[in-house]
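Line by line, the protein sequences are chains H and G.
FYI, in the numbering used here the residues of the first sequence are 18 to 309.
FYI, in the numbering used here the residues of the second sequence are 152 to 414.
Be a bit skeptical, because a hint or two may be false.
[To be verified] With a straight-line cut-off of 27 angstroms between C-alpha atoms, the simulated DSSO-like cross-links for lysine-lysine are:
hint, chain 1, residue 1, chain 2, residue 2
1, H, K152, G, K277
2, H, K170, H, K59
3, H, K83, G, K277
4, H, K152, G, K246
5, H, K152, H, K170
[Stated by the list, open to error] According to the in silico footprint, chain H covers these stretches of chain G (three or more CB under 8 angstroms from chain H):
hint, segment
6, 178–188
7, 271–283
[Unchecked claim] What follows is a list of derived Cβ distance ranges for each label pair:
hint, chain 1, residue 1, chain 2, residue 2, range
8, H, A159, G, G326, 19 to 27 angstroms
9, G, D328, H, Q30, 54 to 62 angstroms
10, H, K270, G, R324, 32 to 40 angstroms
If you are wondering where the hints come from, they were derived from the structure by calculation, not from laboratory data.
Quick reminder that beta carbons are idealized off the backbone N, C-alpha and C, glycines included.
The chain contents come next:
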Amino acid sequence: MSERREHLLDEQQAAAWVEHGMTIALGEPAPMAMVRQIIRRKVRDLTVISSGLALDHLIAAGCVRKTISYYAGGGVGVPVAPSFRRAAERGEIVVWECEEGILTSGLEAAGKGLPFLPWRGGVGTSLPEVNPDLKVFTDPIAGETLIAVPAIKPDIAFVHAAVSDAYGNVQHHGGPGWIDLFLVRAAARTVVQVEQVVSNEAIRGNPWATTIAAADAVVRVPWGAHPFFSRGHYIQDVPFINDYVASAAAAAKHGGDPQLKNYLQHYCHEPVTHADYLERVGLTRLLGLREY
Amino acid sequence: MTGEYTVREQMAAVLARDLQDGELLQVGVAMPVAELAVRLAHLMHGPNMELIFFGGRMNVHHLEYYPIPEYGWDNRVVRWTESYSDRGHRFDQLKDWGRRVFFIGGIQVDQFGNTNLIGIGEDFNKLRFRGPGSVGTPTLSSHVGRYHIVLNDHNSRVLVEQCDFVSTVGWGRGGADARSRLGLPGGGPKWCVTPLCVMDFCEQSKRMRLRSLHRGITVDEVQDNTGFELLIPDAVPSTDPPSVAELDVLRTRVDPDGLLRGT
Numbered sequence: 018m019s020e021r022r023e024h025l026l027d028e029q030q031a032a033a034w035v036e037h038g039m040t041i042a043l044g045e046p047a048p049m050a051m052v053r054q055i056i057r058r059k060v061r062d063l064t065v066i067s068s069g070l071a072l073d074h075l076i077a078a079g080c081v082r083k084t085i086s087y088y089a090g091g092g093v094g095v096p097v098a099p100s101f102r103r104a105a106e107r108g109e110i111v112v113w114e115c116e117e118g119i120l121t122s123g124l125e126a127a128g129k130g131l132p133f134l135p136w137r138g139g140v141g142t143s144l145p146e147v148n149p150d151l152k153v154f155t156d157p158i159a160g161e162t163l164i165a166v167p168a169i170k171p172d173i174a175f176v177h178a179a180v181s182d183a184y185g186n187v188q189h190h191g192g193p194g195w196i197d198l199f200l201v202r203a204a205a206r207t208v209v210q211v212e213q214v215v216s217n218e219a220i221r222g223n224p225w226a227t228t229i230a231a232a233d234a235v236v237r238v239p240w241g242a243h244p245f246f247s248r249g250h251y252i253q254d255v256p257f258i259n260d261y262v263a264s265a266a267a268a269a270k271h272g273g274d275p276q277l278k279n280y281l282q283h284y285c286h287e288p289v290t291h292a293d294y295l296e297r298v299g300l301t302r303l304l305g306l307r308e309y
Numbered sequence: 152m153t154g155e156y157t158v159r160e161q162m163a164a165v166l167a168r169d170l171q172d173g174e175l176l177q178v179g180v181a182m183p184v185a186e187l188a189v190r191l192a193h194l195m196h197g198p199n200m201e202l203i204f205f206g207g208r209m210n211v212h213h214l215e216y217y218p219i220p221e222y223g224w225d226n227r228v229v230r231w232t233e234s235y236s237d238r239g240h241r242f243d244q245l246k247d248w249g250r251r252v253f254f255i256g257g258i259q260v261d262q263f264g265n266t267n268l269i270g271i272g273e274d275f276n277k278l279r280f281r282g283p284g285s286v287g288t289p290t291l292s293s294h295v296g297r298y299h300i301v302l303n304d305h306n307s308r309v310l311v312e313q314c315d316f317v318s319t320v321g322w323g324r325g326g327a328d329a330r331s332r333l334g335l336p337g338g339g340p341k342w343c344v345t346p347l348c349v350m351d352f353c354e355q356s357k358r359m360r361l362r363s364l365h366r367g368i369t370v371d372e373v374q375d376n377t378g379f380e381l382l383i384p385d386a387v388p389s390t391d392p393p394s395v396a397e398l399d400v401l402r403t404r405v406d407p408d409g410l411l412r413g414t
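I would like the entire structure built from these sequences, with the hints used as guidance.
Written out as structure tokens, the structure is:
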């Protein structure tokens, strides 16, 4: 071994790391190219740490057994993500109830190699009742009532970023999504999908900007966050997202609407590569998202 | 009287007047009335307010107009911000949270201002309605100086005697010490603002109390649409309507697209 090992994988190779029953985490913006490939692999019984409509995609595709989510809504006009709501009400998924501070405490505990970390948000609420993994305790220093949040350790964290070199030195445009580094610090392995792979020299030209060092895998997928945004590259595709929500809502209401099946088939199962997906979305649509 | 205005403009105006210059105002996802109230306060009397949307922190007092994001995580919000709490430090600097004012909705709100974003039903594993989850509201409501509950609808399905599940503790099971007994440092909910009225909490019992009625609304109408017995003072004033100046700023600078003017 005399060559430095590159960390570049294509999207199918990286998705092949995901096996039935694993715990995976998705950053924000959601690494949708990888989400689509995971759906395409038809993995089952995943525990998914995620929020919003990316989580909803995986549930709609039947990949999820358990969710660890602080928010499963879709923003304005979508109070609850439709597939999440239906699956939860029908008992098809287990919901590990939490919130932002509890989730990040559990991730920090994993990152720090601790069995738990304490958190105050949630004291007095129903969260410890509906999630028995959260233990209310009296702290031994000041005698305060707090919640012990057990370490949350994903097998793989998937995040989206602007660029990386071939060795997994990642730089974000304007900083990572709020939860991304919590996920990276906690997870056994990290897969970063990027808009562009750049030279090692480019990274070394500004090492201060490196946000994730030595990610385990780097996947080159321009437009890989579509239909969501990628800072400095494109804005979210609101009509596309609305179409997904409408199909998912119809499926949740009627129990398996063909529109949602068609969506998953057309955008997740059939495109073999990310480039195939982009061709289906179309150049005109994509280029329209490049401007503010 | 200032002529025509909508009830949502009334709600925004009444909330805006409670906000003080120098405060940090944090609004969550999908709360247009609160979002526009904050902008109104900022332009009317809050040049030193800081607005926090989706982790971005901004002071836009100098701007004639800035747009409402189309979507929860619209990254175009970032171009108005001066800093961004997205680098894994969202909850690491609670020392200034005493100056923070937060706004919260809920699928249920009870007589002590506890709220529920978890779901509706007797059994957590068989919910009749699964809510979106608590976002960051348990942490925010535990620590911020005060917060307002803002509801899009006022009816007895939302305003219930007791929440099926509690995702944020307002005044627990009541009493002035309800929060201190739990060790919650924040000041708790101050008002509950709805399309019918403004409510606050009795100083001793911390039960919800009618504070003022919006134009054309009666006490009976409020009580009939509330799922618990409200405290009703002998005299209930009308909510101060939006002023000419407030409506002008609202319609020309804060909400030219008319989010608050639709039905």
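Okay, the hints, checked on the actual structure:
1. K152/H x K277/G: Holds, at about 23 angstroms.
2. K170/H x K59/H: holds, 23 angstroms
3. K83/H x K277/G: Holds, at roughly 15 angstroms.
4. K152/H x K246/G: holds, 26 angstroms
5. K152/H x K170/H: Answer holds: K152/H to K170/H is near 18 angstroms, not above 27 angstroms.
6. 178–188: holds (count 3)
7. 271–283: Result for this restraint: holds, n = 9.
8. A159/H x G326/G: 19 to 27 angstroms: holds, 23 angstroms
9. D328/G x Q30/H: 54 to 62 angstroms: holds, 59 angstroms
10. K270/H x R324/G: 32 to 40 angstroms: At roughly 37 angstroms between Cβ atoms, R324/G and K270/H fall inside 32 to 40 angstroms, so the hint holds.
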